[in-house]
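Residue numbers (the working numbering), protein chains in the order written: chain A, 1012 to 1188; chain B, -13 to 197.
Take these hints with a grain of salt, some might be off.
Sample of chain B residues at the chain A side, in silico, Cβ under 8 Å [unchecked claim]:
#1 Tyr60
#2 Val75
#3 Leu89
#4 Val114
#5 Val142
#6 Ile166
#7 Val169
Far from chain B, by Cβ distances over 12 Å, these chain A residues were calculated [claimed, not checked]:
#8 Met1012
#9 Leu1013
#10 Glu1055
Everything labelled a hint here was simulated from the structure, so no lab data went into it.
Even for Gly, the Cβ is constructed at its ideal location relative to N, Cα and C.
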Amino acid sequence: MLWELFLLFLKVGSISFGGGYAVITLIQREITAKDWFTPGRFQELVALAGMAPGSIATNTATLIGYSQMGILGGIISTIGIILPSLLIVIVFTAFFLRMHGNRWVRSAFYGLRPVITGLIVYAAIHFGVGGEKGTLLSWSTLGMVLICAASLVAVMKYKLHPFAVILLSAVGGIVLF
Amino acid sequence: MKARQQDYMKMIAQLFMVFFKLGPSTFGGGYAMIAAIEREIVDKKAWLKPEETGDMISVAGSAPGGVAVNSAAYVGYKMAGIAGAVTAVLAITLPTFSIVIILSILGLMYQDVPKVAAALKGVHAAVVALIIVAAFKIGRASLLDKSTLLLAGSCVLLLLLTPLHPLYLILGGPIAGIVIIAVKQALGRAVRTEKEADPQNTESDYLEYYI
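In isolation and in its complexed conformation, chain B is listed as follows:
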């Protein structure tokens, strides 16, 4: 009994170490991290079997929140229950949290230096580009037909023209999806609900929400 408790504590400590180390490598966020997690968790530690990473990605990508944090919660929970999940999430968040605070302190100290403001402006432009890339990637995986295109288009218009809270869109999306599929099936039309895997494209084709 005591040995088992020791094993458990050892597992918790290991979870902390592994995800603490993975934290700073989440530059580029989410899906950029899946590869790092696979290397560490599947290859080195053998905590998950290779075929289990698919489950991890589908859970992490479907729950709200960042994929990296969600993956940490998934692995932590699998290995050591709720305490494991909490430990892994804490460990992966701590390094980035510290970096953000330091950046923020530096940013406040030097925000009036013209060249710092200039650098931030450059970063601002790059972030716009990264958002466009994210939109393009998720668009490619989610805009499968006219209905989905219409749905995405009306979302953008609603957000631009009305002060509607995005919560209603997020709640409305799944309802619209269920209605559209039901109608199409009633009309006897075949619908794809997911993008088919493209054998030509070996590059990660997960829904890339990332960062």
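The shape of chain A in the complex, shown without the other chains:
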């Protein structure tokens, strides 16, 4: 099981271009295939991961490892997801700077970035509607839409710090639900 966690997050870590939210899609696909959590439980974990500082991807890995295998599982999963970044950054630092202006590299990133955008959009769709059961028009759905819309305005218009938004939404949740 430990080995399985390590390999899973090593794999996720090596292809986690785009950092945080794009990786949620990756992890979600892997976890669904393994049938470790219900979709609702997975979303709870991601929400919890969003409350801590640091990358939401790494935090999600820590939480999944911890809930499957305790502290050791958490450590192994965290190392698994970080190790590839560490190695690749070292290699990039040694070689990449010289090829950054290269036409091929620029073309590759020209194609990679829209894919990352697609992954993040999917994460938003999946995370937004994936776990809701029951009627679409309920008090709970309405409250979620309300908090989500308020958060959007707070970040985009008023440039509120993401963490402040998360704290306020927790308070909002307590009041509304």
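Given the coordinates of chain A, work out where chain B should sit on it, guided by the hints.
Frame of chain A, contents of chain B only:
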């Protein structure tokens, strides 16, 4: 020789201290942290020259993984080689790791308390909003023309309608990019491969994948 070894150990210790302190400030993740790193590494420690931060960001943003962790690896490697990179990454991860474990323990203990569940539900809604913001920001920097828009759109559809693993999309993206650019150049059309810097917009315009 001994003095040099002492200097090296001192550097490793300093790297640990600096990034350990930066760890908890990565709330809001990635690019929110670049400013904190610049203040600490460029202004206070003078480990990097101001013009070198651009290199740091391009390496950290192009490698897989979080920008904050990647930046730590970059600075650590520059200052003290592989051991430095490992130290910096460990130091920046340790505080958040502990916080996540504590949150998880608290979350498991109180998950049946209705008001805790309500608070988490509120956070869930906020995370959806943050993901939308991230999508919007990276979209603005990466959807430069019809081809990139089409590419992103087909990715979303593929993910929604098929059980395709995102790995294939991530591998396919660069290939598509190279093909599209080659075709466009063969047709004699000019293409921008990157967003031009907008002089009006002084706010950080890095590809904001963040958190």
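Against the structure, the hints:
no., hint, in the structure
1, Tyr60, "holds, 6 Å"
2, Val75, "holds, 5 Å"
3, Leu89, "holds, 6 Å"
4, Val114, "holds, 5 Å"
5, Val142, "holds, 5 Å"
6, Ile166, "holds, 7 Å"
7, Val169, "violated, 11 Å"
8, Met1012, "holds, 18 Å"
9, Leu1013, "holds, 16 Å"
10, Glu1055, "violated, 6 Å"
Of the numbered hints stated above, those contradicted by the structure are hints 7 and 10, listed in ascending order.
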